[in-house]
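Number of protein chains: 2
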Amino acid sequence: MSSSRKLHLNAFLMNTGHHEASWRHPETEPQRTTDIRYYQQLARIAEDAKLDSLFLADGYVLMGNVKYRASAGLEPFTMLSALASVTERIGLIATVSTTYNEPFHVARMFASLDHISGGRAGWNIVTSSGDATAQNFSLEAHPEHSSRYRRAREFLDVTTSLWDSWADDALVIDRQAGIFADTEKVRPIHFKGDTFSVKGPLNIPRPPQGYPVLVQAGSSENGKDFAARVAEAIFTAQQTIEDAQAFYADVKARMLQYGRSPEQLKVLPGLSPVIADSEWEAQEKEAELHRLTIPEYGLTRLSELLKVDLFEYPLDGPLPYDKIPTVDSINGNKSRFQLVVDMASRENLTIREVILRTAGGRGHLTFAGTAGQAADLIEEWFTNGAADGFNIMPPHLPGSLIDFVQKVVPELQRRGLFRTEYEGRTLRDHLGLSRPANGYWSASG
Amino acid sequence: MSSSRKLHLNAFLMNTGHHEASWRHPETEPQRTTDIRYYQQLARIAEDAKLDSLFLADGYVLMGNVKYRASAGLEPFTMLSALASVTERIGLIATVSTTYNEPFHVARMFASLDHISGGRAGWNIVTSSGDATAQNFSLEAHPEHSSRYRRAREFLDVTTSLWDSWADDALVIDRQAGIFADTEKVRPIHFKGDTFSVKGPLNIPRPPQGYPVLVQAGSSENGKDFAARVAEAIFTAQQTIEDAQAFYADVKARMLQYGRSPEQLKVLPGLSPVIADSEWEAQEKEAELHRLTIPEYGLTRLSELLKVDLFEYPLDGPLPYDKIPTVDSINGNKSRFQLVVDMASRENLTIREVILRTAGGRGHLTFAGTAGQAADLIEEWFTNGAADGFNIMPPHLPGSLIDFVQKVVPELQRRGLFRTEYEGRTLRDHLGLSRPANGYWSASG
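Line by line, the protein sequences give chains A and B. Note that the numbering used here has the first sequence beginning at 1, numbered continuously upward. Note that the numbering used here has the second sequence beginning at 1, numbered continuously upward.
Treat the hints as calculated values from the structure; they're not laboratory data. Take the hints with a grain of salt, since some may be wrong.
A pair holds if it fits inside one copy or across any two, identical chains being indistinguishable in the list.
Derived DSS-like pairs (lysine-lysine); straight-line CA-CA distance at most 27 angstroms [to be verified]:
{"no.": "1", "residue 1": "Lys67", "residue 2": "Lys50"}
{"no.": "2", "residue 1": "Lys307", "residue 2": "Lys199"}
{"no.": "3", "residue 1": "Lys185", "residue 2": "Lys224"}
{"no.": "4", "residue 1": "Lys323", "residue 2": "Lys307"}
{"no.": "5", "residue 1": "Lys199", "residue 2": "Lys334"}
{"no.": "6", "residue 1": "Lys67", "residue 2": "Lys185"}
{"no.": "7", "residue 1": "Lys67", "residue 2": "Lys199"}
{"no.": "8", "residue 1": "Lys285", "residue 2": "Lys323"}
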């Protein structure tokens, strides 16, 4: 590995935190999950620590059981735009689905967010899951996996063409001559595909970053292929360094067939860290969250993921493997399904143990230990082909984020793995990604 | 009129200003039309003057000819969210079309903006115009006028039901008992209409204002009827006090058939004011903008509005009335079409004069004079049943907005017509509108 290679750290924000019981933790403020000042405080903590970016997951349905969990919050475009006003450097990554949106709107919103933030926007491209989502958009059923990915690929083609519909130098602004824009450099795209026909041009000039940073989070075969083709960062859930190495090698190898270099995509596994000054204390902090977990919530969540009613089985017995369907029959979140089944069977976990193991990170790697131990894990994965950085999922907010930035980040900086100051202004700068040339105007001159 | 009745003033922001030549004016900054700091500066000017709200028009197509005009800027949801972070009181009104959007997304974005701003969101409901818009959304042609309004009515029913899908007291947040929300007070809406089937509930709690303030801008028969049924403020274009009085009386009378009281809707005609210390100076300032006007741009704009190629006629001759179609054949912007034809024929204007008369306000009332004269006009319309306030359209920005707030607003305050301090925190407070009761939870108890 080159010594100049730097680790990337993303703060994955989620209302009171990623642990499903975080809203019951005495240090969280669950009454503030729709209060923008709360998120502004989190954004400043992450920016003060020089993290690459903030990230928001999203879905178009009320997730989980709101009786037992703080699961309804602000919408990403509006929230990140509001955060852009009170930050200067940190990247702002919004999850937006290609299944239930129009490419013209999505291209425009990201272009606008990128202008507003001075080039800090990122798009986590998802295809959504579940019939309940479809039923909020006048459809009966969620489209099937491979058709969603076909639509996603075409959606991306439309949005990138729209961003490229203005040349970077289209604005002339010659007051004397009375020429605002060079209309030879603003053109309709006349896109005609299987799903979309979009004339263009976009009604906003090309974003400062050319395109927002394109991020992907699916780890299914279709997901990995899509990531290899278009993504510049990938959020993934990996439980072991071996699995992470295999995933890392797989997606980077797939990039070659699309003529892309492996450095053009940053692999960022999720990590939900509980940090304390001693290992014992960290484990006690984690146990405190586990004690606040509501079994009914975990059973509901796990039953939905595994498509089997776990309320009918003993909490302290094994998963009913013979009742769990095969991964082929899962429509959405295939890779998370497989990961949880594999983990439970590999480690002989009881249903209760599976609930607790996924209560903090929903299948992402959880960790409880000292800052040195966390830095060791991060360094090991980073230097051994398992990760280009991490998607940090604080179990409770702001406490676990503060612990991470005050204890772990300085240790990573001491080891020369993480920046001590931002070197650039845009999210592409932070991630070491080049600004995409304009696909139309560079080709035609 | 009651002495407690107060005037409402909205600042209609538009890149370098409403005059189409504003970007050539020496005091504007056309290179900043995608710079959020520029709009933050405008927002602060308007808020310091205690105006009710900021308003952004919108469309999903590159409008006009960008060769001759600064016509591409930021998207309203992202821009107003970014402005919410740097303001405290002023209302934030976004234009969003019901023709090219999904009600779930729109309900959610407005709920999010309303939470982010602490109850300052408003929705200017439009149905869009033009086949070019349709062609950015995989359609050939723009839907016909009355079908757009049918969709708009159903769209509104869905969005209000979604905002009402959470009772105002749905959040319990009892950490000890482990109850986050009372799921008896969060319900699916199971909406089934001609166009939309939406299950719900929304994935964000009810907005602070219940619903964002509902605003409408169409003045066609369908538009007036829609406004009378649902709107709480209406932006309208009126050239004379007589026309404004007729319009005012018409929409307020129509409200009765929907069981609404006339005070529940504020009629706000557009006014594009050029203010100076003397009438002569104001006229010279207006003439300076007119001299910067580009005839090709005006001819293109007017030809598009009137559906006739005006390049074939002498600039200093009359409009070719026999070639202009009837209003029935116009699909979109019917009322503006009629207003411009009527004005030209009533005042015997040449084509050049029509271009100049509409270059500043696109059919809205333009005014050049002293602060006292402007206050006289505003007071006359306000006290004689022509307006509840005005939608102020500064010809160039920030200059004409600064002139208005520094010269006209203090005069209106001296006359006791306009507030000297905000009395409430929400846009509903400023407009004197009540917070809508929850349509579902109040009915069922």
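Now the hints, each set against the structure:
1. Lys67 with Lys50: neither (36 angstroms within a copy, 41 angstroms between copies)
2. Lys307 with Lys199: between (42 angstroms within a copy, 21 angstroms between copies)
3. Lys185 with Lys224: Neither: 35 angstroms inside a copy, 41 angstroms across copies.
4. Lys323 with Lys307: Classified as within; 9 angstroms inside a copy, 67 angstroms across copies.
5. Lys199 with Lys334: between (35 angstroms within a copy, 25 angstroms between copies)
6. Lys67 with Lys185: between (54 angstroms within a copy, 10 angstroms between copies)
7. Lys67 with Lys199: between (45 angstroms within a copy, 19 angstroms between copies)
8. Lys285 with Lys323: neither (35 angstroms within a copy, 79 angstroms between copies)
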